[in-house]
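Asker: Sequential numbering of the sequence shown, starting at 1, is according to the numbering used here.
Mixed in with the good hints there might be a few duds.
[Stated by the list, open to error] In silico lysine-lysine, DSS-like type, Cα no more than 25 Å apart, as pairs:
#1 Lys164 <-> Lys114
#2 Lys598 <-> Lys543
#3 Lys388 <-> Lys420
#4 Lys388 <-> Lys575
#5 Lys420 <-> Lys598
#6 Lys598 <-> Lys539
#7 Lys539 <-> Lys583
Think of the hints as simulated: they come from the structure by calculation, not from any bench. The structure presented is a predicted model; accordingly, all values stated were derived computationally and were not measured.
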Amino acid sequence: MSAIAGSRYREVYARAAADPEGFWMEAAGAVDWFEKPSRAFDPQAGIYGRWFPDGVTNTCHNALDRHVAAGRGDQAAILYDSPVTGQKRRITYGEMLADVKMLAGVLAELGVGKGDRVVIYMPMIPEAVAAMYATARLGAVHSVVFGGFASRELAARIEDARPKIVLTASCGIETNRLVAYKPLLDEALRLSGHKVGTCLVLQRPQLAAELVAGRDLDWAEAVADAASRGVAAECARVLATDPLYILYTSGTTGRPKGVVRDTGGHLVAPLWSMPNLYGIQPGEVFWTASDIGWVVGHTYIVYAPLFHGATSVLYEGKPVGTPDAGAFWRVCAEHGVVTLFTAPTALRAIRKEDPDGRLVREHDLSRFRALFLAGERADPDTVAWAEKTFEVPVIDHWWQTETGWPIAGNPLGLGRLPVKRGSPTVPMPGYVLETLDEGGKPLPPNQMGTLAIRLPLPPACLPTLYNDDERFRHTYLSTFPGYYTTSDAGYLDEDGYVYVMGRTDDVINVAGHRLSTGAMEEVLASHPAVAECAVIGVKDPLKGEVPAGFVVLKTGIGKAPQEVETELVGLVREKIGPVAAFKIAITVGRLPKTRSGKILRGTMKKLADGDSWTVPATVDDPAIFDEIAAALSSHGLPG
Numbered sequence: 001m002s003a004i005a006g007s008r009y010r011e012v013y014a015r016a017a018a019d020p021e022g023f024w025m026e027a028a029g030a031v032d033w034f035e036k037p038s039r040a041f042d043p044q045a046g047i048y049g050r051w052f053p054d055g056v057t058n059t060c061h062n063a064l065d066r067h068v069a070a071g072r073g074d075q076a077a078i079l080y081d082s083p084v085t086g087q088k089r090r091i092t093y094g095e096m097l098a099d100v101k102m103l104a105g106v107l108a109e110l111g112v113g114k115g116d117r118v119v120i121y122m123p124m125i126p127e128a129v130a131a132m133y134a135t136a137r138l139g140a141v142h143s144v145v146f147g148g149f150a151s152r153e154l155a156a157r158i159e160d161a162r163p164k165i166v167l168t169a170s171c172g173i174e175t176n177r178l179v180a181y182k183p184l185l186d187e188a189l190r191l192s193g194h195k196v197g198t199c200l201v202l203q204r205p206q207l208a209a210e211l212v213a214g215r216d217l218d219w220a221e222a223v224a225d226a227a228s229r230g231v232a233a234e235c236a237r238v239l240a241t242d243p244l245y246i247l248y249t250s251g252t253t254g255r256p257k258g259v260v261r262d263t264g265g266h267l268v269a270p271l272w273s274m275p276n277l278y279g280i281q282p283g284e285v286f287w288t289a290s291d292i293g294w295v296v297g298h299t300y301i302v303y304a305p306l307f308h309g310a311t312s313v314l315y316e317g318k319p320v321g322t323p324d325a326g327a328f329w330r331v332c333a334e335h336g337v338v339t340l341f342t343a344p345t346a347l348r349a350i351r352k353e354d355p356d357g358r359l360v361r362e363h364d365l366s367r368f369r370a371l372f373l374a375g376e377r378a379d380p381d382t383v384a385w386a387e388k389t390f391e392v393p394v395i396d397h398w399w400q401t402e403t404g405w406p407i408a409g410n411p412l413g414l415g416r417l418p419v420k421r422g423s424p425t426v427p428m429p430g431y432v433l434e435t436l437d438e439g440g441k442p443l444p445p446n447q448m449g450t451l452a453i454r455l456p457l458p459p460a461c462l463p464t465l466y467n468d469d470e471r472f473r474h475t476y477l478s479t480f481p482g483y484y485t486t487s488d489a490g491y492l493d494e495d496g497y498v499y500v501m502g503r504t505d506d507v508i509n510v511a512g513h514r515l516s517t518g519a520m521e522e523v524l525a526s527h528p529a530v531a532e533c534a535v536i537g538v539k540d541p542l543k544g545e546v547p548a549g550f551v552v553l554k555t556g557i558g559k560a561p562q563e564v565e566t567e568l569v570g571l572v573r574e575k576i577g578p579v580a581a582f583k584i585a586i587t588v589g590r591l592p593k594t595r596s597g598k599i600l601r602g603t604m605k606k607l608a609d610g611d612s613w614t615v616p617a618t619v620d621d622p623a624i625f626d627e628i629a630a631a632l633s634s635h636g637l638p639g
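Sequences and hints are given; from them, build the entire structure.
Answerer: What follows is the structure in structure tokens.
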């Protein structure tokens, strides 16, 4: 590992591998325990073992109470910035604690207690963060569902979690429209076989919701009544192995998978990551430009920054359109953000509108020192653009809903490693990562296979799926005994750097050659006219599959789309060779994405193959598939 000689990383990673018990017990010392764990790991508990099995603590206490008691009460905990409403709020640790205590008191009076489930269906507003903490304060289990999610999908999550109460708001606010949440919730409750006792509804001034008598309560009225009576709830004592939340992710069967996050591990590992991976000190401003409906928002908007005594930005807006492609840089400058964490797709959207970085130069980013990317693969061309534009380290890192914190990254707090564009750098302590062939045999460096993590998984990773141990075993542990399979394809190089080339189903078989669509996307993205792209494998009667590339062009490139398509076909042939059989390049106005920014390659493939398909519940705008179908038809594919 010659490339990592100048960092403390080698020493720290080796210590975690040699003595995981000692390493994680030391990390657990940063947590405020009501009863300290006597050991870090019990290999006999749970499916593959459990972390800090006899520790007793509370998530809300670690994020709020202990910091107020330590003198941070007047420091900002949350900086709420909402360009869609024009509102900004600075919420201190003391103010957040008071709000959470009161809301927890309201929930307790409504019958919510330890182990009960609470569904939170809300936009990016401070009350949503308070709802998560109030639930945790009582020892209850929250399940946040992305605000505006379709009724049928919301119903499936309610059916599985069986919550005692649902917390919601009257509406969400998009760039050019209001999304009424209450009718979506009402329909979900009608569809669900589980009957919810109470819905607490926050009425936003932009759109009022109609309340159902006997079930719905006005949030403001309930909190005002609690305040008048001095209602406040103290922290419940919960075991480290008790669940903090359930976060649903789409399953291949159509039934959502409820990823469980336990309390103790979720405190220890994300807290360790704040100074060691992200290089953040208490009191500094950290901004994760995501949504609380996704795991990134859970860990790095709501929880880890406050565990660490930092300040977290809560942003209700978009990277472009609220009002323009300079929105992120205005927020960074105004709030003194030192580190931004966002998705590559957000950067590509910004770059498409502002390719020369003109809007970046309009803001004072002197305090801004690092940009982290995750959520999908960061193509080298986007990383290179960001490095040139911001002149700060641009750090790709890789993780999953299931792991809850990064599998691989570049640990700024341990001494930044040399960047290799296209790689999220190296595994974090606790992750023993290997590349396996189809038979489960470890592969040598630079050979592509399935990226798998040797058991046990480190703290904060899922111990199981909610109420479905067997599905957990089958989905993640059965393919390679002794390993958790990430279902990502890639390899490790001779320096131990990780390369994630796409999901294992994104490796296509062209006339017997296994080819990575991610490698082809790298080539397409390197073309100066391309803003973003996606490559899928489509059915071919002769070769089995052939690649098709979809590209979004930058604004004002001065070339006809057909000319660029021809150049792209030649570029892939030059860089990868004729073996790729790349002959289909299709320019489109935009790519179909989830609300978290991931490109829906699987649905695009079904469209191109002429297979039956349904609109994914996670899609940002269903109308995009009509555009993709038209583009496919114009190139002789089914659509």
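Asker: Against each hint, give a clear statement of whether it holds in the structure.
Answerer: Status of each hint after checking the structure:
Taking the CA atoms of Lys164 and Lys114, the gap is about 11 Å. The hint holds against a cut of 25 Å. For a cut-off of 25 Å, the pair hint linking Lys598 to Lys543 is broken: about 28 Å separates their Cα positions. For the suggested pair Lys388 and Lys420, the alpha carbons sit about 15 Å apart, so the restraint of at most 25 Å is met. Simply put, Lys388 and Lys575 have alpha-carbon atoms about 24 Å apart, close enough for the 25 Å limit, and the pair holds.
Pair hint Lys420 plus Lys598 holds up; C-alpha atoms about 23 Å apart against a cutoff of 25 Å. Restraint check for Lys598 and Lys539: the C-alpha separation of about 23 Å stays at or below 25 Å, so the hint holds. Taken as a hint, the Lys539 and Lys583 pair is honoured in the structure, with Cα atoms around 13 Å apart against an allowance of 25 Å.
Of the hints listed earlier, the one the structure fails to meet is number 2.
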